[in-house]
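Following the hints, complete the assembly by docking chain B onto the known chain A.
Quick mapping for you: the protein sequence lines, in order, are chains A and B. Mapped onto the working numbering, the consecutive letters of the first sequence carry residue numbers 1 to 381. Mapped onto the working numbering, the consecutive letters of the second sequence carry residue numbers 1 to 283.
Note that these hints are calculated values from the structure, not bench results. Heads up, some of the hints might be wrong.
[To be verified] Taking beta-carbon pairs under 7 Å as the criterion, some of the chain B residues facing chain A (in silico): (1) Leu57; (2) Pro233; (3) Thr245; (4) Asn246; (5) Tyr247.
[To be verified] Listed next, the in silico SDA-like pairs over lysine to any residue satisfying Cα-Cα at most 25 Å (straight line): (6) A:Lys68 / A:Thr35; (7) A:Lys234 / A:Thr35; (8) A:Lys375 / B:Asp251; (9) A:Lys234 / B:Thr143; (10) A:Lys375 / B:Arg63; (11) A:Lys234 / B:Ile122; (12) A:Lys162 / A:Ile287; (13) A:Lys234 / B:Leu57; (14) A:Lys375 / B:Phe222; (15) A:Lys375 / B:Gly129; (16) A:Lys276 / B:Gly129; (17) A:Lys66 / A:Lys276; (18) A:Lys176 / B:Ser145; (19) A:Lys166 / A:Lys121; (20) A:Lys283 / A:Ser357; (21) A:Lys176 / A:Pro289; (22) A:Lys375 / B:Tyr53; (23) A:Lys234 / B:Asn246; (24) A:Lys375 / B:Ala258; (25) A:Lys234 / A:Leu284; (26) A:Lys234 / B:Gly67; (27) A:Lys234 / B:Leu146; (28) A:Lys234 / B:Tyr53; (29) A:Lys375 / B:Leu259; (30) A:Lys375 / B:Phe244.
Ideal Cβ positions, reconstructed from N, Cα and C, are used throughout, including at glycine.
Here are the chains, one letter per residue:
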Amino acid sequence: MSRQFPGLRWIVPVVIAAFVMSISLVGAPAQGQVTGVTLYISGDTNIQEMFDKDLLPMFERDTGVKAKMVFLEHGQGAQAILDKIIAAKRAGRQTDVDLYETQPTFIAQGASEGIWLKITKDNMANAAKVDPQRPEVLVSSGFGIPYRGSSVVLAYNAKHVKQPPKTYDALLDWIKKNPGKFTYCDPQTCGSGQAFLYLALYKFAKAEDYSTLSFDASRETAWEPAFQLLRSLKPAIYNNGFYPNGNVAVLQLLGRETIWMAPVWSDQGMSYLDQKLLPPDIKLIQISPPFTGGDSAIAIPVHAEHQAGGLMFLNWLLTSKAQTVVVNKLAGYPGIEWKYMPKDVRDKFAAIATNFSPLPNARYQADAKRLWQEKVAGSGQ
Amino acid sequence: MKSSFREGAAGLLLVLPPLFLLVFVILVPAGQAVLDTLRVVRDGHVVYSLARYQELLHTISLRRSVGFTVSVTLVSAAATFVLAYALALYLRFSTGWISTLLGALFIIPLFIPTVIASFAMITFLEHHGYVASLLQHVGIQETPSLVFNAVGIVLTEVWASIPFATLVLLAGLQGIDDSLIDSARDVGAGALRTFRSVILPLNRVATVITMSLLFIGILGSFTIPYLVGGNAPQMMSVVMTNYFTNYLRPDISVALAALSFGIAAVAGGAYVIGVSRREREVV
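So that you can see chain A by itself, here it is in the shape it has in the complex (with noise of 0.2 Å):
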């Protein structure tokens, strides 16, 4: 086209220039005059796929506004994107990112070079439909408003278990009545294990002392018991202390019914079922306290080009319409809360529809790796 029309190649652009400064001549625009935004979403190619198919064109079609995705798959170059929102911000330039998804680390690294706007329920409505307390709203400062999250649930099989435990002490006490029907996989290979860890050393000292960024190695005393006790769950754990490596590992093992219980994650079990990879007698429930579990947050550069355009997007995405579409693709949690969500999305995944707990930041999480390895998996019986 720009062959034939020479002349066009920089009426394009300098529309675009006009325009833009025509917004910012008038200052902040309304949402009427929001002409495109360009997002950064990371993640797995379900995710990708959730976006181009479904998410982009529904946004389009109720706002009119163009959306353009750049794709990280599996989070490549989240780095990268980071820094380049830095460096455009110490050169006091605009930046092309108007809405950036990513893990809440990557927030949290931005966050003391200023770079994240403070989105607030002042900013964009729907910012008051997420919990504020949700663990991963904590970890990036407040800059990330989480906007999909999976946890990791007990999956049962109803066939052998009439009634499963609501606790985590309940758990245990089933574990040691019926030795060899329950696992959890190798906490270093997978999140469905940690969880499994994480609770039980949240049973013996409190969560909020290990999910901020800040370490104190001689907290960690308060964890022995916790590694005594699943010591001691050893010679009832399957095939007398077998602790599978990875989460589907697991899955597989309550598919063909070898064992009867175990920790998993919500959506990887969903899907699972949904497949019919695990017989339809599995059933996922949460207990009380909950197993950990982790979102996929959001953040809006404060120096974003369309940073209306962001903003705009980010509050569609917590619409209880488009989360609808989030949680039933991805068999995951909502970002906004459950009482937000319509009631048959909220009967589908009620046994599951709570809140889940935080995890420990990364420096304990490798600590209680490798003490678990030491004092359980490792010491003998």
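For chain B alone, coordinates are given in the frame of chain A:
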């Protein structure tokens, strides 16, 4: 005089690049790493102490891992050696199509990446795998655990190491003159006697090389113990990786590496002695 000097210089020039690589890319960093394991910060000062090694040996799981690694390595190397020797003898002294076929078949594991071999072994040995169902047909209901423990590691290591060991031993056997064996037979030595008194001593160098390289190779292997091994005890290579990447304790990891280097040095010493003795004999 002049030409020998030139020859010497040319030889030195040829040796220099690998020597450079050895010194600056392997020896110096390794030495520094070992020194680092001895440096401990105490009250803001750097002091030299064995604290890390003490911690290492006081941690039950690590102590068990060292013992486990050495015994798994010894058992695997011994089993491989026996099987490979038998195979090499067969290939050396037997003719016919079976021998030719075997000669082609035994080499196959050498061309299969260990990752794939390990996963194949898991499917083969696991609870509901081929071996278990085969045994069930014979009437054995309860199969012992064959994978995710020491048994699995040994079986997979043996499977993967046999081609290499057989090749080295076979090369040694082929160097033995047929006339020596024939004359032993002529004076009335049986097969066993010929093996013990003629073949075994003449093939000593190949034996030492095979054994020490098997030991070092299995000691340092990672993929097989990582995939086929259990949660605990783990081989040192797996433990090192965990401490380095998962537990954020590279210092313990390096101390473990230094320890495993010490263990490997024993086998390395045997190799050097074995090979240098051959050279003296040749001279």
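Structure-based check of each hint:
Taken as an interface hint, Leu57 (chain B) does not check out: its beta carbon lies about 13 Å from the nearest beta carbon of chain A, beyond 7 Å. The beta carbon of Pro233 (chain B) comes within 6 Å of a beta carbon in chain A, closer than 7 Å, and the hint placing it at the interface holds. Taking 7 Å as the C-beta cut-off, the interface hint given for Thr245 (chain B) is violated, the closest approach to chain A being about 9 Å. Because the smallest distance between the Cβ of Asn246 (chain B) and any Cβ of chain A comes to about 5 Å, under 7 Å, the interface hint for this residue holds.
Because the closest C-beta pair between Tyr247 (chain B) and chain A is about 4 Å apart, less than 7 Å, the hint holds. Only pairs whose Cα atoms come within 25 Å are accepted, and Lys68 (chain A) paired with Thr35 (chain A) is accepted, the gap being roughly 11 Å. Between Lys234 (chain A) and Thr35 (chain A), the direct Cα distance comes to roughly 60 Å. Violation of the 25 Å bound is thereby established for this hinted pair. Between the alpha carbons of Lys375 (chain A) and Asp251 (chain B) the distance comes to roughly 19 Å, so the proposed pair stays at or under 25 Å and holds.
The hinted pair formed by Lys234 (chain A) and Thr143 (chain B) meets the criterion: a straight-line CA distance of about 21 Å does not exceed 25 Å. At roughly 12 Å between alpha-carbon atoms, Lys375 (chain A) and Arg63 (chain B) fall within 25 Å of each other, so this suggested pair holds. This hinted pair checks out: Lys234 (chain A) and Ile122 (chain B) have alpha carbons roughly 23 Å apart, not beyond 25 Å. Simply put, Lys162 (chain A) and Ile287 (chain A) have alpha-carbon atoms about 16 Å apart, close enough for the 25 Å limit, and the pair holds.
In summary, the hint linking Lys234 (chain A) to Leu57 (chain B) is supported, as the alpha carbons are separated by about 24 Å, within the 25 Å threshold. For the given pair, Lys375 (chain A) sits about 23 Å from Phe222 (chain B) by alpha-carbon distance, which is consistent with the 25 Å threshold. For a cut-off of 25 Å, the pair hint linking Lys375 (chain A) to Gly129 (chain B) is broken: about 31 Å separates their Cα positions. Only pairs whose Cα atoms come within 25 Å are accepted, and Lys276 (chain A) paired with Gly129 (chain B) is accepted, the gap being roughly 22 Å.
Restraint check for Lys66 (chain A) and Lys276 (chain A): not satisfied, since their Cα atoms lie roughly 38 Å apart, outside the 25 Å limit. Between Lys176 (chain A) and Ser145 (chain B) the alpha-carbon distance is near 22 Å, which keeps this suggested pair within the 25 Å criterion. Proposed proximity of Lys166 (chain A) and Lys121 (chain A) is contradicted: the alpha carbons are some 35 Å apart, above 25 Å. About 20 Å separates the Cα atoms of Lys283 (chain A) and Ser357 (chain A), which keeps this hinted pair within 25 Å; it holds.
Proposed proximity of Lys176 (chain A) and Pro289 (chain A) is supported: the alpha carbons are some 19 Å apart, at most 25 Å. With a C-alpha separation of about 18 Å, the suggested pairing of Lys375 (chain A) with Tyr53 (chain B) holds against the 25 Å cut-off. A C-alpha spacing of about 22 Å is found between Lys234 (chain A) and Asn246 (chain B), which places the hinted pair at or below 25 Å, so the restraint holds. Distance hint between Lys375 (chain A) and Ala258 (chain B) is fulfilled; the C-alpha atoms sit about 24 Å from each other, no more than 25 Å.
Note on Lys234 (chain A) and Leu284 (chain A): the hinted pairing holds, with a Cα-Cα distance of about 24 Å set against a maximum of 25 Å. Of the supplied pair hints, the one linking Lys234 (chain A) and Gly67 (chain B) holds, its CA atoms being roughly 22 Å apart against a limit of 25 Å. Simply put, Lys234 (chain A) and Leu146 (chain B) have alpha-carbon atoms about 20 Å apart, close enough for the 25 Å limit, and the pair holds. Between the alpha carbons of Lys234 (chain A) and Tyr53 (chain B) the distance comes to roughly 29 Å, so the proposed pair goes past 25 Å and is violated.
Restraint check for Lys375 (chain A) and Leu259 (chain B): satisfied, since their Cα atoms lie roughly 22 Å apart, inside the 25 Å limit. Annotation: proposed proximity of Lys375 (chain A) to Phe244 (chain B) holds, straight-line Cα distance about 18 Å (limit 25 Å).
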